[in-house]
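For the sequence shown, this note's numbering begins at 4 and goes up steadily by one.
Worth flagging that the hints you see were computed from the coordinates, not collected in a lab. All C-beta atoms in this analysis are idealised placements derived from N, C-alpha and C, irrespective of residue type, glycine included. Treat the hints with care, as some may be off.
Stated by the list, open to error - For each label pair, taking beta carbons as the anchor points, the in silico distance ranges come out as:
hint: 1; residue 1: ASP327; residue 2: SER241; range: 19 to 27 Å
hint: 2; residue 1: TYR81; residue 2: ASN141; range: 49 to 57 Å
hint: 3; residue 1: ARG262; residue 2: LYS303; range: 37 to 45 Å
hint: 4; residue 1: LYS351; residue 2: THR107; range: 51 to 59 Å
hint: 5; residue 1: ASP243; residue 2: LYS148; range: 44 to 52 Å
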Amino acid sequence: MINNDFKMPIIMIGHSFKYETEATLKLFFNTARFSFSNNENDAMGDNFVITRFDGNSTVSAHIRLNGIDRNKETSLPYNCDSKEIEYTVCRLVYELLTESTGITPPWGLLTGIRPVKKVIDLIRQGKSENEVYSALGNRFLVSQKKLKLAYDTAVNQLPILDRIDRKAVSLYVSIPFCPTRCSYCSFVSHSMDSAIKLMPEYISALCRELEIIGRIVKDTQTKIDTIYFGGGTPTSISADDLRTVMTAVQDNFDLANVREYSVEAGRPDTITEEKLRVIKEMGAQRISVNPQTLNDDVLKVIGRKHSGEDALRAFEMARKIGFDNINTDLIAGLPTESFESFRNTLDKMTELSPESITVHTLTIKRSATLFEQDKAERSQPAAEMVDYSIHKLMSEGYLPYYMYRQKNTVDNLENVGYAKKGFESYYNIFIMDETQTILGAGCAASTKLVYPDNKLVRIHNYKFPYEYIRSFDKLMEKKGEISECLLKIRSSQPK
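Can you make the complete structure from the sequences, with help from the hints?
The following block contains the structure:
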């Protein structure tokens with residue numbers, strides 16, 4: 004309907020709510036481009052949007068789509084706040100686009116990445132399940148099906164959040180390398196072919212950063228709660244390099260109180276018995292083996308160099324070595340994957356009985372190779388796949404325990420982690436809830452400081468390995484704020 008090369012004009016008169024307006028448009032045109040202005044003369048052609056606030060109480064929207072015009076107008080209470088004006092602008096746009104396209108986004112007007120937080124806030128206010136459904140359904144037009152999923156996820160999260168130690172921190176270690184780049188991927192990760200020359204310097208710099216962060220943690224008498232190795236694919240590096248980095252964690256942090264230590268082994272073509280033994284020997288209890296699909300033809304389309312059988316062998320190898328907490332990731336909506344193919348993958352993985360299964364929905368970012376391909380080639384029955392995963396996993400005893408959403412996700416769907424009771428990932432919950440400080444080490448890692456007054460400060464490491472290595476000393480100058488935050492956390496009264 005909207006050509007990716009065409010920038011649809013969005014005219015905003017009397018307001019500047021660009022971010023939320025664009026987020027609302029993305030619910031319907033998830034890969035379209037937009038141009039924004041406050042000049043009504045820029046509204047040209049067969050496709051444009053004009054939104055207007057008269058400065059008093061009237062909000063209106065005019066949408067032309069494929070040459071057909073639609074208009075809406077409403078009045079607000081006098082002197083209402085800017086958030087209500089912004090919401091009303093977006094709701095009018097949403098309603099007009101629903102009429103124009105015939106699309107009803109399952110999450111309604113909710114555009115944030117953490118819908119479960121809204122549910123948790125309402126539960127903590129004493130709202131019943133029906134009151135939660137009513138509050139979010141009426142205001143944000145969320146479907147009953149998604150309200151129930153969010154509510155169930157919140158209920159499973161709450162006991163863990165109620166036991167959170169806000170004086171402790173989690174540690175994230177970034178290994179931003181992969182054997183090859185998958186066609187759907189937009190993460191800052193680098194193929195081993197291009198990164199191999201940087202590897203010794205990168206491992207050395209990462210270990211130095213772990214030493215610096217470890218000193219800060221020790222000096223502030225801070226406990227480490229969870230550890231997560233992510234990327235990229237941490238098992239892209241050699242067993243010796245993996246041992247080196249995990250030894251740096253062991254040498255620089257007191258692991259006595261760590262409740263969860265995860266390593267995202269990830270792609271089956273990087274998993275070897277030697278690496279798995281290193282991971283187990285160095286203290287990690289939880290790993291991920293992520294086939295995404297077991298369909299060999301789909302794996303080739305997305306640029307994977309392994310087969311479905313390789314994924315099954317990697318899983319069984321991890322079991323044989325003694326891992327009793329394994330997660331596996333699948334993606335709904337991969338190009339060329341049918342519903343039957345997705346169902347077969349999910350059924351096979353549940354037969355293996357991993358402790359947790361995360362079902363992602365394909366998200367197409369502009370920096371991903373897949374974005375450049377024809378939209379028809381990408382279009383798959385993702386909603387049907389996701390619906391099946393909810394029913395299948397919950398019938399097999401898996402409970403939804405964390406959820407997040409992203410822009411440009413196929414069918415405006417969600418990513419959900421399911422786990423058997425007692426195998427929920429603390430780290431995944433904490434990073435979504437944003438109530439515990441997370442210290443990031445390595446290229447593209449982000450430190451998230453949560454002060455006692457709930458102020459959130461992010462410190463981002465450089466995105467590319469050569470930047471990280473070249474500007475390492477400059478980057479470490481930012482670490483002073485970590486000490487300040489951890490001291491304030493330690494001196495705060497328990498909540």
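Verification of the hints:
1. ASP327 with SER241: 19 to 27 Å: holds, 26 Å
2. TYR81 with ASN141: 49 to 57 Å: At 23 Å between Cβs, range violated.
3. ARG262 with LYS303: 37 to 45 Å: Given a distance of about 39 Å, which is inside 37 to 45 Å, the answer is holds.
4. LYS351 with THR107: 51 to 59 Å: Violated: the Cβ-Cβ distance is about 33 Å, outside 51 to 59 Å.
5. ASP243 with LYS148: 44 to 52 Å: holds, 49 Å
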